Structure formats: C-alpha cells, structure tokens
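So the sequence lines, in the order shown, correspond to chains A and B. Reminder that position 236 of the first sequence reads as 236 in this note's numbering, one-by-one numbering, no gaps. Reminder that position 134 of the second sequence reads as 134 in this note's numbering, one-by-one numbering, no gaps.
Derived from the structure by calculation, the hints contain no laboratory data. Note that the coordinates shown come from a computational prediction; the quantities given were computed from them, not determined experimentally. Honestly, I wouldn't trust all of these hints.
When the alpha-carbon atoms are kept at most 27 Å apart in a straight line, the in silico DSSO-like pairs for lysine-lysine are as follows [stated by the list, open to error]:
id : chain 1 : residue 1 : chain 2 : residue 2
1  : B       : LYS154    : A       : LYS170
2  : A       : LYS514    : A       : LYS411
3  : A       : LYS207    : A       : LYS217
4  : B       : LYS98     : A       : LYS48
5  : A       : LYS48     : B       : LYS154
6  : A       : LYS170    : A       : LYS48
7  : B       : LYS192    : A       : LYS207
8  : A       : LYS410    : A       : LYS514
9  : B       : LYS154    : A       : LYS177
10 : B       : LYS154    : A       : LYS166
Not close to chain B: a few residues of chain A, all C-beta gaps over 12 Å, as computed [claimed, not checked]:
id : residue
11 : PHE130
12 : PRO488
13 : LYS530
Positions of the beta carbon are idealized from the N, C-alpha and C atoms, including for glycine.
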Amino acid sequence: MLALLQQTSDFQIISRETVQLIMPEVILTVFGCAALVLDVMLPRALKKVVAWVSLSGVGLSLVSLGILYPNLVNNQSARVGFFEMILVDDYAVVFKLMFLIGAAISIILSIKYLDEEGEQHGEYYSLILFSVVGMMFMASAVDLLSLFISLELMAISVYILVGYLKRDRKSNEAAMKYFLLGAFSSGVLLYGMSMVYGLTGSTNLAKIAAAIPNVLKIDVVKTMTERSVMDMRYLLLLSMVFMAAGMFFKIAAVPFHMWAPDAYEGAPTSITAFMSVGVKAASFAMFGRLFLYGLPDLRATIAGNAADSVPSLPGWAVLLGVISAITIVWGNLGALTQNNLKRLLAYSSISHAGYTLLGLIAGNQTGYIGVVLYLFIYTIMNLGIFGCIIALKRRGISGDNINDLNGLIKKAPWLTVMMTIFLLSLGGIPPTAGFIGKFYLFGGLIETGNPWLARLAILAVVMTVVSLYYYLRFVKHMYIEEETETTPLAPSRVLNWTLSVAAVVIVLIGVYPKWFIDISQRAARSQALKTYSYKAEEAEQPLELPGSMGAPSR
Amino acid sequence: MQLHGWEAVLFYVLAFMTLIMGVFVISARIAVHSALFLISALVNVALIFILLRAEFVAGVQILVYVGGVMVLFLFVIMLVQTRAEEESRVRLYTGQTKAVYVIAMLLAFAFIAAMRPAQSGFQSPDATAPTQTSADRGTATGQGAGGVSEDTQKVGSALYREAALPFEIASVLLLVAMVGAVMLARGSKQEKLYE
C-alpha cells in the first residue's frame, strides 16, 4: 500500500500543461453547470439570459482554444496527456473549432425556436454544452476508453434533447427510436472494441496500431501428418466490421439509417440542426481516429500466404466503399419523394454522410482535406438551411412543410435569397462552398488512380445531379408557386444576422477558399493519420489478369 | 488466458446458462419473470468474472446490477400497468422473427468461422508478461487460494491514474443522465411550481 502511495506521489497526474490541453472542455463544463443553476434562479421572463450565458461559454471556450493552439505548435511534447488518453493535435483542434462554431449557431437558432414553442428552459442549453464537451473529447481521444465514454456523453445528451418537447408525441417517438437504436449501436461498437482489445492487448490506439502487424501474422505449423494454421485475421476483421457498424449507425450510413428520418422529423428543429451537423461531424472525427490512426493496416488487402494457400482478405476500404455507394444512392433517392422539409433534409444528410466517407476511402491528402473541409462547410450550410426553416416558424405554422415555402419571395426576399444560397451549396453548385468540398472529396478518389474508386467518384457525381432535383424543388416553391399562407413572418433580428453571416461565409468560401483549405490541410497533415497510396499496392502485387498471362503472342 | 480442466467445464456451463437465461428474458410473457431471468443471467456473468480472477468486477456486478438496477426495474414493473399486455393475446413477435433467425445464424456462423483458425488468439491484458495459468497466478504473488486478491487495488489505482480522464468524463455523463431524467419525468404542474 505504501509502495503504491510513493509510486503515485512522484507521478504528477495534473500538471499545468495537461490541464491546458482540456481547458476548452473544462470551461464548457463549468458553463453547463452554471446554466443549470441560473435556470432555477431566474424568473420565467428572463430565461433567455441562460442562452446568452451559454453562448458566452462557447465563446470563452473558443478563446481558450485560440490561446492553447500556439502553445501546441511551439511545444510538441505537451500534446499527449492523461496517460495517453488524449492527443491534442491539429486534427483535434480543427474539429473542436468546428463543434464550437456549430454549437454557437445552434444556440442562436434555439433562442428563436424555443420562444415560438414556449419552452424556454435552461437545461436545454446546458445539455447542448455537455454534448459539445463530449464531441470535443471525441476529437482528441486516442484511447478506446476515452473515445467510448465521450461518445456516450454526446449521445445521451442528444437523446434527451430529441425528446425535449415532452407534450409532442412525435418528439417522444423520435427520442424513443433514437435512444433504442443508439444504445444498440453503442453495444455493437463496444463489442468490436472489446475484441480488438482482446486481440492486441491494449486500449491505446497507437499501441493497437503497433500490435496489429503481429496479429496479422499467419503461423503455419506443419507436422508429418497434419497442418494447422493459426490465423487471427478473420477475428480482427470481424471486430473491425463491428466497430464500423457502430460508427455507421452514428453517422446514419445506409443499412443503419432507419432512425434518421424519424428522429430528425420529431426532434425540435433546432436540435435537428444541431444533431445533423454536430453529432455527424464528431462521429466522423472518431471514425477517422479509429480507422486511420488505430487500424491503418487493415485498410487495403490483407496479405495471405500463397505458399500455404491462405487467402488474402479485403480490408475496410472495400467495406467503406460499398457502404458509401449504397448510402449516396439511397439517401438521394429517398429524398426525392419527401414533402416534409425536415425529413427531406434527413435523407439529404444521409447522402452527405456517404459523400464524406469517400474522403476516408481515398486515403490521400486530398481526400482527408476533403473530409475536414466538407464537414466544416456542411456544418455552416446545414445550420443555415435549418435556421431558415426556423425563421419561417410562427404562430400555428411549423414551417417544415414544403407548401409553407410557397411564394416566400414576396414575403421575405432576403430570407429567400439566403435559403437559395444554402440550397445551392448543399447541391454543390460552383460559386458556393459546397462545390469546393465535393471537389476535394471526388478529386481525392480520382487521384488514387484506382479504376474502382474512379467509378465510385462517377457514381457520386451522378447522384449529386439527382440531388439537385429535390433542392431545386424548394426554389420552385419559393419563387414560382403562388402564396397560400398570408400570416406574416415573425422575424428575429439575431437569427437574421447569424444567417446572413453564414450565407456570406458560404459564398466567400466558394469564391476564395484558401483560408479554409489551409486549416483543413493542417488537420489532414496531422501525423497521427496515416495516408495511403493505392498505387504502391498495385506495384507490390501486380494484378494478374487472365489476358496478361504468359508471353505476348507475336 | 486459457482455461483448463474443471475451469473450462465450469466456464462452458456458465456461458451456456447465461445464454439460455438471456433467451428467457426476452421470451417471458410476464414482466416480473423477465426481470428475474435477467437477475440470474447477471449472476452467471458475475460467476464468469470470478472464474477470470476478476473478483472486484464480480462483486460490483452483483451489487450494482443485481442489487441496484434490478430493484429499480422491479419497482418500475410494479408501478407500471403491465397486466393488459400479459393477458391480451397480442403477438410478442412480428414478422421480423424469421429475419432475426437468419441474421443470428449468419452471425453465429461468422463467429465460429473467425474463431476456428484463430485458436486461442486473445492476449492476456499484460501482453509482455509471460503467460501464467490461472492456478499459479495466486501462488506467484504469495497468496494461497484463500488470500486477498490484488484485484481491487489494481482497479483503484487504474481508476485514479490511467483512467482518471474517462472517470471525470463519466461523472459529467452521470450529471447529464440525472438532468435528463428529471427533465423528462417532470410534469407541467411541477414545472409551474418551481418557477
């Protein structure tokens, strides 16, 4: 016992450097607790103060991230903290920036939305802050333990927020579905993680990555009479598939997307906005950490042993490729027939998850830049479009039916213009930011020079064209259809200003994307992420086509 | 770690019992029966933990799940009206049953296929240490069969050192769960009251 005490006393768990690493999260947690207390203290009329306090918490957290970052650049060694539980590299910092911006916009959207619903409570904002804490830890965690627990922190906060409108049956149903499927998917993910731990003997992603070559070795023992093969690749692949399935649930990729339309439709619109960008981006951050940092050796073909007739196995690039192709096609086709705007955007967000997966598959710098850049742009444009829907909400009108948009150009010209910008960006039309993001994602695939990946890119481009149909349906209703509803809008100045800034940023990125590409590049260059060249693989193992066998005939 | 002899037999018996109890949990018609089957499944899991020389986890399993969570479950079942569901001839299983069978069989097949060539592929948590059989583990640390396990000490030191950060995140998680439970369970009358 004494020995243990001595052991721990010379071991400084909390030093100034390590606390600095989690300062943005600590600030948010403190503000989350403050929001809870303030809510009880304030009278009903002043509840909005809680929202502004939460917003200032997000702002302070941004400031501390800004102070932290130059220190990180100067001092490389202080990036790992808490017994290698977290790694605060460029990748983590850029994602944290993304979550904080998303949270700030979501809080502003929520103020107006909750006013209309008459449900202005402080817990709402504190839950948003807590879930952002979870997201930020997800981006920097490099240990299965911290990754999973921060994922749960984020997810549980969002389950509660989805069911926030207690007196709305749809909200109840959405929360129930999201919770049950989410808990199930967490179980699947955890099962995969436990098997990886069993195979590699560590929960730390760096150590897992180091141990995997050993696991992939095939031992063939030959005796006179029999031959026994010791091959753990199947088990490792199975656990990889389990982990991937868990993550596919979280990003709503296609075989695991069923919860998304219902949860998105039933949730309060401001939470739909928040979860469609925040939860998705955080899950992608975790996906990248798990697969690019923890399991990079499982990406491509896992070599077998030809001499002993042990077959080669496909890696996760194939799995992700198939899933992303199905996701893009199904998401876009599903959106075509929807009349409820929230449902439509749910399907559109499914297809966007498919597009973003393409960058992970490409595995080169361009693809990784694409993932970060696209998530960044998607955060702004999707919050923008949901903000416009919330701006339409007024007494007795939910604003989420496509007919509510009829003749909007006469009622609110500037809102219509902003909405058009966001829609064009979602569709990926050139002068907007969405085009730049898609350009990098598809470009990354083509750059690999692999014919299958080029076909995948072509499919994605074709489906982008299909997606224009349902985005332009909005435009048709806004500009061409006759006005069916004469109730005036209930404008909110703060919301309008925020949306205007978002719209301007979207156009700005489209015209001059350099700054955003630079920061995405920083994240993509983060040493923790292993890039991969498909060409190298082909050089090592030349494809043996039946036609190329033997010497060419004269 | 590989189990030998009677330990292996015990493990297979316990694992099989856990599975059977798990099936009973979801197939029992009366909610209280389900809860009781769940208790026995959890006790079985606790016994497996003891077999793995993880006495602390086994104790926690009994205290938290069997003691705390299950009592809560039983209270909820008693408070909520489940009689209607028990007596009515509502089919518990829908057309999904066949799909479930197929998927479960496929999954089982995948597991067996993956496990077979791997043999004893799972590593002991401390991969650097020489593999010990569970029997000489106790003697190596100078403890007989009745000795006090170091397990609890190990969990404690891990919790406050290596796992300090996840431990803190978990505390925020519990706070969130508490806030959520209060928020969702509070009726409109109570909401007015506290305002």
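Hints versus structure:
| no. | hint | in the structure |
| --- | --- | --- |
| 1 | B:LYS154 / A:LYS170 | violated (47 Å) |
| 2 | A:LYS514 / A:LYS411 | violated (36 Å) |
| 3 | A:LYS207 / A:LYS217 | holds (17 Å) |
| 4 | B:LYS98 / A:LYS48 | violated (52 Å) |
| 5 | A:LYS48 / B:LYS154 | violated (48 Å) |
| 6 | A:LYS170 / A:LYS48 | holds (25 Å) |
| 7 | B:LYS192 / A:LYS207 | violated (54 Å) |
| 8 | A:LYS410 / A:LYS514 | violated (36 Å) |
| 9 | B:LYS154 / A:LYS177 | violated (39 Å) |
| 10 | B:LYS154 / A:LYS166 | violated (44 Å) |
| 11 | PHE130 | violated (5 Å) |
| 12 | PRO488 | holds (30 Å) |
| 13 | LYS530 | holds (22 Å) |
Checked against the numbered hints above, the structure breaks hints 1, 2, 4, 5, 7, 8, 9, 10 and 11 and satisfies the rest.
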